[in-house]
Amino acid sequence: QKEVEQDPGPLSVPEGAIVSLNCTYSNSAFQYFMWYRQYSRKGPELLMYTYSSGNKEDGRFTAQVDKSSKYISLFIRDSQPSDSATYLCAIKGGFKTIFGAGTRLFVKA
Amino acid sequence: GAVVSQHPSWVICKSGTSVKIECRSLDFQATTMFWYRQFPKQSLMLMATSNEGSKATYEQGVEKDKFLINHASLTLSTLTVTSAHPEDSSFYICSPLSGTYNEQFFGPGTRLTVL
Chain A
10 QKEVEQDPGP LSVPEGAIVS LNCTYSNSAF QYFMWYRQYS RKGPELLMYT
60 YSSGNKEDGR FTAQVDKSSK YISLFIRDSQ PSDSATYLCA IKGGFKTIFG
110 AGTRLFVKA
Chain B
524 GAVVSQHPSW VICKSGTSVK IECRSLDFQA TTMFWYRQFP KQSLMLMATS
574 NEGSKATYEQ GVEKDKFLIN HASLTLSTLT VTSAHPEDSS FYICSPLSGT
624 YNEQFFGPGT RLTVL
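Top to bottom, those sequences are chains A and B. Counted from 1, the first sequence has number 81 at position 72 by this note's numbering; the numbering is strictly sequential. Counted from 1, the second sequence has number 573 at position 50 by this note's numbering; the numbering is strictly sequential.
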């Protein structure tokens, strides 16, 4: 079993839609949860960072963590074509960061 | 925000040659450097971790004699792919860890194509 599972997609939505991206993880020792956005042929950039269960909001983005279910989500409201990218979840415990496979998102104008 | 540069951004080389990739943290010091490899439509796979002035620690399955890592200063690390083969073709991304912010930043990546 992979330590982090993420559906690779692709996920295609119309502009303005609410997007839900999800990951599950297996090791409850991991304490920090991140979402990265990666445009084609670019390095990942950090979007959201949280360490507790619950929701964290930043503009159109909301990160949700449910430690009891080992489930993390990223919601994008009012999605824009510029949101088209690959979104990677990542979990961190101590020194080690493990990335999900990434979900490719396409937002159609 | 933190700025990380990688050079070159892309490189094509012949099989058997060596390629050096440079990673620089431009406005912060990186006590630790992570090097990742990413194949198409796959996630980042950690290759090795290095601390400034120390030997790198390689992940299982990564050949240390093939992927030479030098972390000579707090702002510069290099990855040299020696005797490259077509299966080494990939996207290589460095990720310096900022000691100040305790956050990993990522370089823009280097796309290596070995013919």
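Hints may contain errors.
[What the hints assert, rightly or not] Just the calculated beta-carbon pair ranges, DEER-fashion: (1) 55/A x 554/B: 41 to 49 Å; (2) 61/A x 564/B: 43 to 51 Å; (3) 64/A x 582/B: 32 to 40 Å; (4) 608/B x 63/A: 32 to 40 Å; (5) 582/B x 20/A: 39 to 47 Å; (6) 36/A x 626/B: 19 to 27 Å; (7) 61/A x 638/B: 29 to 37 Å; (8) 603/B x 60/A: 32 to 40 Å; (9) 610/B x 38/A: 17 to 25 Å; (10) 48/A x 536/B: 48 to 56 Å; (11) 66/A x 603/B: 37 to 45 Å.
[Claimed, not checked] Examples of chain A residues lying across from chain B (beta carbon under 7 Å, computed): (12) 63; (13) 65; (14) 68; (15) 108.
Keep in mind the hints are simulated off the structure, nothing from the lab. Note that the coordinates shown come from a computational prediction; the quantities given were computed from them, not determined experimentally. We put the beta carbon where it would ideally sit given N, CA and C, even for glycine.
Hint by hint, here is what the structure shows:
1. 55/A x 554/B: 41 to 49 Å: Violated: the Cβ-Cβ distance is about 18 Å, outside 41 to 49 Å.
2. 61/A x 564/B: 43 to 51 Å: Since residue 61/A and residue 564/B have Cβ atoms about 32 Å apart, the given range 43 to 51 Å is violated.
3. 64/A x 582/B: 32 to 40 Å: holds (34 Å)
4. 608/B x 63/A: 32 to 40 Å: violated (48 Å)
5. 582/B x 20/A: 39 to 47 Å: 30 Å Cβ-Cβ, so the 39 to 47 Å window is violated.
6. 36/A x 626/B: 19 to 27 Å: Check passed, 21 Å falls within 19 to 27 Å.
7. 61/A x 638/B: 29 to 37 Å: Roughly 49 Å apart at Cβ, these two residues miss the hinted range, so it is violated.
8. 603/B x 60/A: 32 to 40 Å: holds (36 Å)
9. 610/B x 38/A: 17 to 25 Å: Check failed, 33 Å falls outside 17 to 25 Å.
10. 48/A x 536/B: 48 to 56 Å: violated (25 Å)
11. 66/A x 603/B: 37 to 45 Å: holds (43 Å)
12. 63: Hint violated; residue 63/A Cβ to chain B Cβ min 21 Å, cut 7 Å.
13. 65: violated (16 Å)
14. 68: violated (16 Å)
15. 108: Hint holds; residue 108/A Cβ to chain B Cβ min 5 Å, cut 7 Å.
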